[in-house]
Structures are given as structure tokens and as C-alpha cells.
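Enquirer: Please take these sequences and the hints and turn them into a complete structure.
Count the sequence shown with mature numbering (1 follows the signal peptide of the UniProt record, and there is no 0) and you get residues -19 to -1, 1 to 244, in order.
Errors might be hidden in some of the hints.
[Stated by the list, open to error] For each label pair, taking beta carbons as the anchor points, the in silico distance ranges come out as:
hint, residue 1, residue 2, range
1, Ser182, Gln145, 16 to 24 Å
2, Ser182, Val211, 31 to 39 Å
3, Asp212, Asp81, 16 to 24 Å
4, Ala223, Thr86, 19 to 27 Å
5, Gly185, Tyr160, 14 to 22 Å
6, Val211, Ala70, 29 to 37 Å
7, Lys168, Thr86, 32 to 40 Å
Calculated from the structure, these hints are not laboratory results.
All of these numbers come straight from a predicted model, not from anything done at the bench.
We treat Cβ as the ideally placed atom computed from N, Cα and C, and that holds for glycine.
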Amino acid sequence: MKKIISIMLTCTLYFFLFGCGESSQITPQNSESVKIQDSQKTDEPADASKESVEETGGVEKIIGDWFGQTEIHTDYNDGTFDAVLSINADNTWASCVDGDFNWGTWEAASEKGNRIVLTVQYEGTDGTNEWSFEKHPDGYYYEYVHMETIEFKMTKLESEPADQIYNDWYGEITYIDKYDNEEEEAKTSISINSDGTWSSSVSGANNNGNIRYVSESGHLIILDVVYEGVDKTNQWGVVKKANGQFYYEYYHGQLIEIPINPL
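Expert: Listed below in C-alpha cells is the structure:
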């Protein structure tokens, strides 16, 4: 009996001193491992969410000014054409394609911001049309229509101050008159005022009017030309292309694109 009691006391003392052996070491390791795994699980959704936002973006990524150039040879259009497209945050837009100005309102057609519909407004009529600006696998395209659809692959221009265009400008160019095939010279002074008015003189021909559209990113302004005694207006403008040069898009029997610089 004494021997049994002695054995029991020895086991109790051994258990008290040394515990349960390896199990006392495993428990904290498992606890630490769980904490690490939980931390990793918490981080994964945050990273995935951030990546998802970057991939999908939104319509904000296409707000700004864009430039594109294309060459086309058809029965309706023949030559190389430049396009400056302005998309403002207030849902207005405008473009200039070799002196042809168009404008209107736009709305998103994609939650990811990869396509917007451009409603084209026509001067003096209630009629409208719909063009588009959309992302293809190789970039963004402006679907412009002039007798036929012309696709311009567009590059986004760096945003610049919108008010830089309010200035006095001067420029000159030598061009070929398309009617008599003779060389002509055009010199221009143009004033664009912050009160919404403008005026110009091109080799003695004076014109003036009001400003119709101003790009928020500083590359395009549309000028309404007012003709004395009539309700008819025309649209000219000033654009800044990808080469960094401003041009006065002036029309006198033909488009005369005059490079201009601020005075």
C-alpha cells in the first residue's frame, strides 16, 4: 500500500513540474499560426479590391482632351485628318476635325467608363445624332461621322489651364488657294476675352462673335462667328494639337489653319 501511494505521489509531482510535455509548446505555436493566417486573409480582400478599382476605373479616366490622326482614301474623304476631342466633366463635349466643329452632351454607356455616347447637336435645328468614344483592345477611339464613319485612335493630352486660351494672339502662314492654285499669305491677330467675346483680323478681314465652348483642359475653344444683319452663325476655333502648337481654324472659301502664338 505504501508503495502504491509513493508511486502516485511521484506521478503527481512529475505532472506538476513538467506539465503535459510537448502539448504545452504546440498550443502557442498554433495560436501564433492562426493569427498570421487571419492577418493574411484580411489583407487579401483589400488588395483585390484596390486592384479591381484600378482595373475598372470609371468615366473620370476619359474626361480630358484627346488627339488623334488618321489617313483615309474613299469616295467621301481623302487625305490625312487631325482630330482634337474635348470631354468636360460637366457632361459637355466638343471636337474639331480639320476645321469641322461639333459639340453636344455626353453620357456614360459603361459602368467601367470604357464607352460614352456623344449626342451631337446641330446648329439651327432640333435634330441630333449620336457618335461614340470607346475603348478597344489597343486603345481609345473616337467614332466621328462625315458622310461615313471615320475612326480616330486617340491619345490623351496633358491637362493644361483652361484660361490659357484667353489672350491676344498673332500668326501667319503661306498657303495655296484652292480656286486659283496661287500662293497666298494670311496674317492674323485674334483676341479671345474672358467675358465670352472674341474678334480677329485676317489680312484685313474682320470677324467677331461669342465663345460657344471652352475645354476644361485647355486645348479647344469654339468661336461662334456673328454675321451682321443675319441670324446665321458659323463656327471657327482655336485648337492646341499634340505637337504643342496652337492653331486658329479660320475659314475663307477654304479652311486656313494658321499657327498662332500669344502676344
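Enquirer: Confirm or reject each hint.
Expert: Structure-based check of each hint:
1. Ser182 with Gln145: 16 to 24 Å: 22 Å, holds
2. Ser182 with Val211: 31 to 39 Å: 21 Å, violated
3. Asp212 with Asp81: 16 to 24 Å: Given about 21 Å between the Cβ atoms, the range holds.
4. Ala223 with Thr86: 19 to 27 Å: Given a distance of about 26 Å, which is inside 19 to 27 Å, the answer is holds.
5. Gly185 with Tyr160: 14 to 22 Å: 19 Å, holds
6. Val211 with Ala70: 29 to 37 Å: Taking Cβ atoms as reference, Val211 and Ala70 lie about 35 Å apart, which means the hint holds.
7. Lys168 with Thr86: 32 to 40 Å: Holds, at about 37 Å.
This entry does not satisfy hint 2, going by the numbered hints stated previously; all others are met.
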